[in-house]
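Work out the full structure, taking the sequences as your base and the hints as a guide.
2 protein chains.
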Amino acid sequence: MLPKLKFDEKGLIPAIIQEVNTLEVLMMAYMNEHSLKMTIETGFTHFWSRSRQKYWKKGETSGDIQEVKEILYDCDEDTLLIKVIQHGKGACHTGNRTCFYRKITKEGI
Amino acid sequence: MLPKLKFDEKGLIPAIIQEVNTLEVLMMAYMNEHSLKMTIETGFTHFWSRSRQKYWKKGETSGDIQEVKEILYDCDEDTLLIKVIQHGKGACHTGNRTCFYRKITKEGI
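These protein sequence lines are chains G and E, in that order. So that you can map any letter, position 76 of the first sequence is 76 in my numbering, and since no number is skipped, the others follow by simple counting. So that you can map any letter, position 72 of the second sequence is 72 in my numbering, and since no number is skipped, the others follow by simple counting.
Simulated from the structure, these hints should not be mistaken for laboratory data. Treat the hints with care, since some could be wrong.
The list cannot tell twin chains apart, which means a pair is met if one copy fits it or any two copies do.
Stated by the list, open to error - Simulated pairs of lysine-lysine, BS3-like, Cα-Cα distance not exceeding 30 Å: (1) K69 - K37; (2) K6 - K89; (3) K89 - K37; (4) K103 - K4; (5) K103 - K89; (6) K37 - K103; (7) K83 - K103; (8) K54 - K6; (9) K57 - K69.
On a predicted model such as this, the values are computed, not experimentally measured, just so you know.
Here it is in structure tokens:
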């Protein structure tokens with residue numbers, strides 16, 4: 001049922017997570033085919049943790065779950081863009097709403 | 001001058017490109033340290049092409065250049081989010097404005 005997608009040599013595909021209402025980019029994490037299917041079937045984002053080598057439902061312990069509204073894939077079929085409603089306080093384990101809370105400037109960080 | 005960033009085993013870091021005005025996610029591509037420095041110094045996105053194994057200024061031939069307005073990095077320091085003004089007709093080589101123009105649904109593609 002999935003389109004032809006290019007998973008990398010580790011069987012993973014990057015998934016960009018965007019808030020469907022604010023359009024803020026919240027995070028990027030990796031899915032394998034099974035976690036993508038779990039995401040589609042349950043309607044909540046599931047990833048593969050590269051550091052912990054296990055499946056991970058986003059927000060399972062924190063409550064910061066992500067309700068899936070739309071799953072898109074790119075022209076190269078090697079990246080996903082998933083639009084979600086972010087529940088709880090935010091996407092980032094640091095307590096920030098988005099994981100992208102730091103800037104690089106010409107002068108440095 | 002760069003923050004501590006985690007480039008992968010091939011020396012690459014994924015860069016999500018977002019339109020600064022519409023907040024549309026346009027594409028994702030890979031940078032190495034040199035193409036990130038070129039991006040910072042010139043103010044236009046430069047990538048490393050994994051398929052062609054060469055540097056690539058986005059829009060160099062098509063005119064669809066990307067003017068950098070903000071460069072952010074995530075909590076894990078392994079992903080970039082670059083906000084740009086997209087010039088020309090769009091980011092995608094297919095002629096679409098964004099590379100994410102196809103959807104996956106529960107029923108299939």
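How the hints compare with the structure:
no., hint, in the structure
1, K69 - K37, "within (15 Å within a copy, 36 Å between copies)"
2, K6 - K89, "between (33 Å within a copy, 26 Å between copies)"
3, K89 - K37, "within (26 Å within a copy, 34 Å between copies)"
4, K103 - K4, "between (35 Å within a copy, 12 Å between copies)"
5, K103 - K89, "both (21 Å within a copy, 28 Å between copies)"
6, K37 - K103, "between (34 Å within a copy, 14 Å between copies)"
7, K83 - K103, "both (23 Å within a copy, 11 Å between copies)"
8, K54 - K6, "both (20 Å within a copy, 21 Å between copies)"
9, K57 - K69, "within (16 Å within a copy, 33 Å between copies)"
The structure is consistent with each of the numbered hints, conforming to all of them.
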